[in-house]
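A.B. asks: In case you want the letters, here they are:
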Amino acid sequence: MQTFFSIGVDALAYGMILFVISIGLSVTMGLMRVINLAHGAFAMIGGYIASYAARDLGLGYGLAIVIAVLGTIIIAVPLERFLYRRIYGAPELTQVLMTIGITFCIIGLANYVFGPTLKTIPLPAGLQGPVDIGFRTIAAHKLFAIGCGVVVALGLWYLIERTSFGVKLRASVDNTAMAAALGVRTKIVYAASFALAVGLAAFGGVIGAELLPVEPYYALRYMVTFLVVVSVGGAGSISGALIACLLLGAVDTTGRYLVPEYGEFFFYLAVIAIVWVFPRGLMGRAK
Amino acid sequence: MKKLILAVAASILMSAGAYAEVIKIGVVGPFSGPFAIQGKNFKAGIDAYIATHGDKIGENTIEILYRDVPQADPAQSKALAQELVVKEGVQYLAGFYFTPDAMAVTPLLKQANVPMVIMNAATSAIVTKSPLVVRTSFTTWQTSAPMAKIARERGVEKAITVVSDYGPGVDAENAFKTTFEKEGGKVVESIRMPLSTNDFSPVMQRVRNSGAQAVFAFLPSGPTTLGFVKAYNENGLKQAGIQFLAPGDLTQESDLPAIGDAGLGILTTFHYSLAHNSPENKAFVAAAQKAIGNPAELSFPAVSAYDGMYVISKMIEATGGKQDAQKAVDAVKGLTWESPRGPVSIDPDTRHITQNIYLREVSKGADGVYFNKEIKTFEKQPDPGLAAAK
Numbered sequence: 001m002q003t004f005f006s007i008g009v010d011a012l013a014y015g016m017i018l019f020v021i022s023i024g025l026s027v028t029m030g031l032m033r034v035i036n037l038a039h040g041a042f043a044m045i046g047g048y049i050a051s052y053a054a055r056d057l058g059l060g061y062g063l064a065i066v067i068a069v070l071g072t073i074i075i076a077v078p079l080e081r082f083l084y085r086r087i088y089g090a091p092e093l094t095q096v097l098m099t100i101g102i103t104f105c106i107i108g109l110a111n112y113v114f115g116p117t118l119k120t121i122p123l124p125a126g127l128q129g130p131v132d133i134g135f136r137t138i139a140a141h142k143l144f145a146i147g148c149g150v151v152v153a154l155g156l157w158y159l160i161e162r163t164s165f166g167v168k169l170r171a172s173v174d175n176t177a178m179a180a181a182l183g184v185r186t187k188i189v190y191a192a193s194f195a196l197a198v199g200l201a202a203f204g205g206v207i208g209a210e211l212l213p214v215e216p217y218y219a220l221r222y223m224v225t226f227l228v229v230v231s232v233g234g235a236g237s238i239s240g241a242l243i244a245c246l247l248l249g250a251v252d253t254t255g256r257y258l259v260p261e262y263g264e265f266f267f268y269l270a271v272i273a274i275v276w277v278f279p280r281g282l283m284g285r286a287k
Numbered sequence: 001m002k003k004l005i006l007a008v009a010a011s012i013l014m015s016a017g018a019y020a021e022v023i024k025i026g027v028v029g030p031f032s033g034p035f036a037i038q039g040k041n042f043k044a045g046i047d048a049y050i051a052t053h054g055d056k057i058g059e060n061t062i063e064i065l066y067r068d069v070p071q072a073d074p075a076q077s078k079a080l081a082q083e084l085v086v087k088e089g090v091q092y093l094a095g096f097y098f099t100p101d102a103m104a105v106t107p108l109l110k111q112a113n114v115p116m117v118i119m120n121a122a123t124s125a126i127v128t129k130s131p132l133v134v135r136t137s138f139t140t141w142q143t144s145a146p147m148a149k150i151a152r153e154r155g156v157e158k159a160i161t162v163v164s165d166y167g168p169g170v171d172a173e174n175a176f177k178t179t180f181e182k183e184g185g186k187v188v189e190s191i192r193m194p195l196s197t198n199d200f201s202p203v204m205q206r207v208r209n210s211g212a213q214a215v216f217a218f219l220p221s222g223p224t225t226l227g228f229v230k231a232y233n234e235n236g237l238k239q240a241g242i243q244f245l246a247p248g249d250l251t252q253e254s255d256l257p258a259i260g261d262a263g264l265g266i267l268t269t270f271h272y273s274l275a276h277n278s279p280e281n282k283a284f285v286a287a288a289q290k291a292i293g294n295p296a297e298l299s300f301p302a303v304s305a306y307d308g309m310y311v312i313s314k315m316i317e318a319t320g321g322k323q324d325a326q327k328a329v330d331a332v333k334g335l336t337w338e339s340p341r342g343p344v345s346i347d348p349d350t351r352h353i354t355q356n357i358y359l360r361e362v363s364k365g366a367d368g369v370y371f372n373k374e375i376k377t378f379e380k381q382p383d384p385g386l387a388a389a390k
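Top line first, the protein sequences correspond to chains A and B.
Using full-length UniProt numbering, you'd call the opening residue of the first sequence number 1 and step up by one each time.
Using full-length UniProt numbering, you'd call the opening residue of the second sequence number 1 and step up by one each time.
Hints are computed from structural coordinates only; laboratory data are not their basis.
Remember, predicted model here, so these are calculated numbers, not experimental data.
Take the hints with a grain of salt, since some may be wrong.
Claimed, not checked - When the alpha-carbon atoms are kept at most 25 Å apart in a straight line, the in silico DMTMM-like pairs for lysine to aspartate or glutamate are as follows: (1) K364/B with D56/A; (2) K158/B with E261/A; (3) K314/B with D73/B; (4) K238/B with D56/A; (5) K158/B with E21/B; (6) K290/B with D330/B; (7) K56/B with E21/B; (8) K327/B with E21/B; (9) K177/B with E338/B; (10) K290/B with D55/B; (11) K314/B with D55/B; (12) K149/B with E361/B; (13) K380/B with E181/B; (14) K327/B with E83/B; (15) K186/B with E261/A; (16) K290/B with D56/A; (17) K177/B with E261/A; (18) K327/B with E338/B.
Just need the whole structure built from these sequences, with the hints factored in.
C.D. replies: Right, here's the structure in full:
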């Protein structure tokens, strides 16, 4: 029984961190229909900025998160204006080629500017060290990450389903011409949702840095996992991404706990099974 | 760009040494990509050697040609080695970070009449693949086996091994298990983790439940190490008094700042610590830090590269600059010298380096810099891996 709870807590923490990083990708892929392979690169930029702010400038953790999110958005906005705007609605291969190119450029720049060594983001005292939760101990920052995941999920759901911005976004995506004819400024809506997606990537990059340390190859190393989460959950679905993260986190953690020799066998087996039964992902919308 | 610089440098060198012969040395290693820092260390060690000894050996001038294999890629490694031998006419091949890359090149050596000096690849068997291979780095067996003795000395009865599931990880597991059980201990469980593991928390829970007094771990240096050490602390294994043991790959100097205080007290066994206290090492570290640019990036492959250059210089001296691979290798068999890491020699039978293995503890200096403090020495350790394989 204790093993069961133990696995459950680890799975929840891992799943939530995956969720915070991947949900931005779900927004770009599902709502904006852009296959953004540079998503991991934006998460990495967020991590680098936070590391620089917290470690080299000595700012607080909370402030570092804010600077990282804003800084990454500031870097991403010109990219949206000059590069991404050209590939909205373009064939998938064009999108993949351009975004993977952007990824390699960012990797090269990060390697040049920050060097190949690992960068850490110092945690405040309150998030350091283990917390006793009765039957075992868990890292405090993992509890923090779980909390962040819940807040992000609720906030996004409210934004997309309950606000006028959400209505405009969904309208622009479903029929750009009609939305524009009705007076929705689709370019601004697209730019804002791109900024939102990038900001979420940066936030996830900072929160998840304890598990996925920031280094130049971060941008590619974890990209497959993020893509898997989005395709299993169904692109564009918040609840789908959340369920996918928790499910895959549980499968992966249980597998690694009980039979580590099998490697990622069970993780990908689950992915194959889910995609086989739900070709559009768990909560994917029909086209 | 790199090639252009090399070409310019090469032409300058050639015009400078118009009368003496230019001896080319081809170095294959990861100079870009995720392992670029290790390639940088090769280059720093070689540059440090040339800075302190000059680029002349007798009448001859040496010239280094670098070739990049970003990740373990035997086919590319072989192709580049061939290009170096055929097109560039190199007389020596050196470098090789990954075992498969070195293995792929060994069949070429005899026909090419070129000795190979391995500056990292740490699987025992490579030296048996060709009589023209000399290694100045270490083997995973060599650095892991003494740790089992330390564990027994410290009264550990039951240990658990946790390694990444790939060649060197399995080597480390076997080395520790064999030695530990020979010394009368018991390995209660052996866990092999996939290389791509990010969350080590489940593994740590298993270690805790296994009832072992110590965990012996091996992971490749780099990002995963950080997560592993953190998971060890955060899951309360440190508080529970479970001793953390590993070969020094886990606490390489360039990773220590990122691991930070979480790493303090970790015991590792390894052939080289940047903090080794000797005049040779101080001179080497000063030169290598200058060569690498950012002192925080200096790590263990640099010393193997530095010593590799020393071995090559002895080979060139012995052959007078003429290409004779067998004579060159024979000349360094039994060679003994004082390396920055301590006294070393080339074993005449295995052509692998015999060296001291040090027990080190991660410590923090008065200046806030983390380092591997040497606390015990195992003198003149050969490679136990070859004997075990027989």
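A.B. asks: Look at each hint and say if it fits the structure.
C.D. replies: Here is how each hint holds up against the structure:
1. K364/B with D56/A: Holds. K364/B to D56/A sits at ~19 Å (cutoff 25 Å).
2. K158/B with E261/A: 21 Å, holds
3. K314/B with D73/B: Status violated; Cα separation ~30 Å.
4. K238/B with D56/A: 29 Å, violated
5. K158/B with E21/B: 60 Å, violated
6. K290/B with D330/B: Violated - the C-alpha atoms of D330/B and K290/B are around 34 Å apart, more than 25 Å.
7. K56/B with E21/B: 10 Å, holds
8. K327/B with E21/B: 19 Å, holds
9. K177/B with E338/B: This hinted pair is violated, its Cα atoms lying about 32 Å apart.
10. K290/B with D55/B: It holds: about 17 Å lies between the C-alpha atoms, which stays within 25 Å.
11. K314/B with D55/B: Given pair K314/B, D55/B holds - Cα atoms ~13 Å apart, limit 25 Å.
12. K149/B with E361/B: 16 Å, holds
13. K380/B with E181/B: 22 Å, holds
14. K327/B with E83/B: 23 Å, holds
15. K186/B with E261/A: Measuring from Cα to Cα gives roughly 21 Å; hence the hint holds.
16. K290/B with D56/A: 23 Å, holds
17. K177/B with E261/A: 18 Å, holds
18. K327/B with E338/B: Holds, at about 23 Å.
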